[in-house]
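> As a plain string of letters, each chain reads:
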Amino acid sequence: MNRIIKYVFYDILRTRFILFYTVFLLICTFAFFQLDNDFGKVVLSLMNVVLMAVPLVSVVFTTIHFFNSYEFIELMLAQPINRRSIFLSEYLAVASSLCLAYVVGIGFPFLLYGAWQPIYTLLITGVFLTLVFVSLAFFSSVLTRDKAKAIGIALLFWFYFSLIYDGILLWVVYTFSDYPLEKLTLALIAFNPVDLARIIMLLQLDISALMGYTGAFYKNFFGSNLGLIFSISLLMLWVLWPLLFAMRIFSRKDL
Amino acid sequence: MISIDQISKNFGALPALDQISLALNAGKSYALIGPNGSGKTTLIKGILGLVIPTSGHIYFDGKSINRDWKYREKIGYMPQIGRYPENMRIGQLIDMMKNIRQDKPKIDEDLIDAFKLYKIYDKRIHALSGGTRQKVSASLAFMFHAPVLILDEPTAGLDPVSVELLKEKIIHEKRMGKLLIITSHILSDLDEIATEMVYMFEGKIQYNNSIEALKSETNETKLNKAIATLIRQRELLASITD
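From first to last, the protein sequence lines stand for chains A and B. Position 166, counted from 1, in the first sequence is what our numbering calls 166; the numbers after and before it change by one each time, with no gaps. Position 64, counted from 1, in the second sequence is what our numbering calls 64; the numbers after and before it change by one each time, with no gaps.
Please note that the accuracy of each hint is not assured.
[As the list claims (entries may be wrong)] BS3-like cross-link-like pairs, simulated, lysine-lysine; straight-line CA separation at most 30 Å:
| hint | chain 1 | residue 1 | chain 2 | residue 2 |
| --- | --- | --- | --- | --- |
| 1 | B | Lys215 | B | Lys178 |
| 2 | B | Lys98 | B | Lys215 |
| 3 | B | Lys116 | A | Lys6 |
| 4 | B | Lys104 | A | Lys253 |
| 5 | B | Lys215 | A | Lys6 |
| 6 | A | Lys41 | A | Lys183 |
Note that these hints are calculated values from the structure, not bench results. From a predicted model like this one, the values you see are computed outputs, not experimental measurements.
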C-alpha cells in the first residue's frame, strides 16, 4: 500500500495541474506582499482567496484524477489487494499532493519574508479544507460512473458551501434578528466546513473586535483552546464522513 | 477450478448476463467469443470481482469469491486497454506490482526479456505507444506464475513479431497445466492457443464445447469458418422455430 501511495504521489506531482496550482498560490502570496507590508493584512487577503480557490481546485482536480485513473484502479482491483486499501491509497496520494502544493505555494513566500508566526492557522485550515473537499470529491466520484456528472456533483458541493450556505445563514440572521441568535449561528456554522475555516482564521487574526457583540461571543468560544479543539474536531468530522461513505460505496461498486 | 453458478447481472433494466453457468478447469484454454456487447467483459469482470453479480455465485477452488480478495493472487489479468498513471515509469509500475505480490519471490521475466522492456524501464507511460503499453500489460499478467490467466484481447494492437512471442508464451503456459481464459476477435490467433470454445450472445452462453468437437460438427478445418457456420446454423434454426 505504501508503495502504491508513493508512486501515485510521484505521478501526480508531475502533472501540470499541480504545478500551475502551486505557481498560482505563489504568485498570489507574493502579490499580496507587494501590496501591503502588514503581515496580518496579507494573511487576511490571502484567506479570502484560499477559502474560494482551495475547495474549488481540490474538487475539480480530485474528480478528474479519479476518472483518469479509472482503468488503473480497475487493474489494481484485479490484484490480490483489498478494495479499501486501493481507495485509501488513492485518497492519501491525491490529498497529500494537493496539501504539499498548498503548503509550498503559501508557505514559501512567508518563509522568505521571515513571517512565520501569523501563517500557522492559514496553513492548517487550508490543509483541512483540502482534505475535506478531496473527501467530498471522492464521494461524488463513487456516486456515478459518468465523469461529467461527478464533476457536477462535486462543484455543487463547492457552490453550496462557498455561496449558498452563507446566503441561507444571512437570511436566517436577518429574519430572526429580534431573537438571540448567537448559539444558533454557532451551531449552523458547524455544518459548513468553509465557514468553520473562516471563523478559525478570523479569530486567530485578532480582528474579531470589528464584529461587535457576536464577534466577542465567538472570540470567547472559538478563541479559547476548547473552542479550537472543538472546531478542529468538527473539521476532522467533515473529512471523515464523506470519506467513510465513499469507501463504503466503493467497496461494493461495479467497475 | 472456477465454477460459475447461475449468475445474472443487470445494468439498470438491461441484462448483461442472463443465468450463466460455466465450469472452467485447470489445464484447459478457453476462448471466450461473441459479438460486442454480448457480456464477455462483464463475465471476466465478474470472475475478477470487479462486477458483483445481481444473483448467483462464483466459486474459485470451491470457495465463493464474494467479498474475498485473497483468491486473486492466483489470477494474472491482462486488461483490454492498459491505461496506467501517465507520469509513472515502467520500472516503477513493475516494482509496484511486485510489491503487491510480495509473497511471490519468483518472478517470471520471460516476456519482459522477450519484449526487451528492461531497456525502457526509465520511460514514462505517456511516452509509450499503444502497442508498448499492451506489452507492459502482458508482462505484468504473466509475471507472478499465476495458475489462472485471464487475457482480454491480448493480441490487439501488437506487431506481428510480438504477437508470435506472446502466443509462444501462452502455449508454453498452457502446457504447464494452467487455466487460460482468452477473449479475442482475431479468431486465427485463438485457433492456435485455445482448446475450448465458449460462445456468448446477448448475455447467454450459446455454445460450450471443445474446438475439435466444433470443427467436426461443422465439417470445417478452420476456427473462423467453423464459427461462421455455427452461427448460420443457429440463425436458420431460429428462423424455422419462429
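> Hint by hint, note whether the structure agrees.
Each hint, compared with the structure:
Taken as a hint, the Lys215 (chain B) and Lys178 (chain B) pair is honoured in the structure, with Cα atoms around 24 Å apart against an allowance of 30 Å. Taking the CA atoms of Lys98 (chain B) and Lys215 (chain B), the gap is about 42 Å. The hint is violated against a cut of 30 Å. The straight-line distance between the Cα atoms of Lys116 (chain B) and Lys6 (chain A) is roughly 26 Å, inside the 30 Å bound, and the hint therefore holds. Pair hint Lys104 (chain B) plus Lys253 (chain A) holds up; C-alpha atoms about 29 Å apart against a cutoff of 30 Å.
This hinted pair does not check out: Lys215 (chain B) and Lys6 (chain A) have alpha carbons roughly 52 Å apart, beyond 30 Å. Using a Cα cut-off of 30 Å, the hinted pair Lys41 (chain A) and Lys183 (chain A) holds, with the two alpha carbons roughly 29 Å apart.
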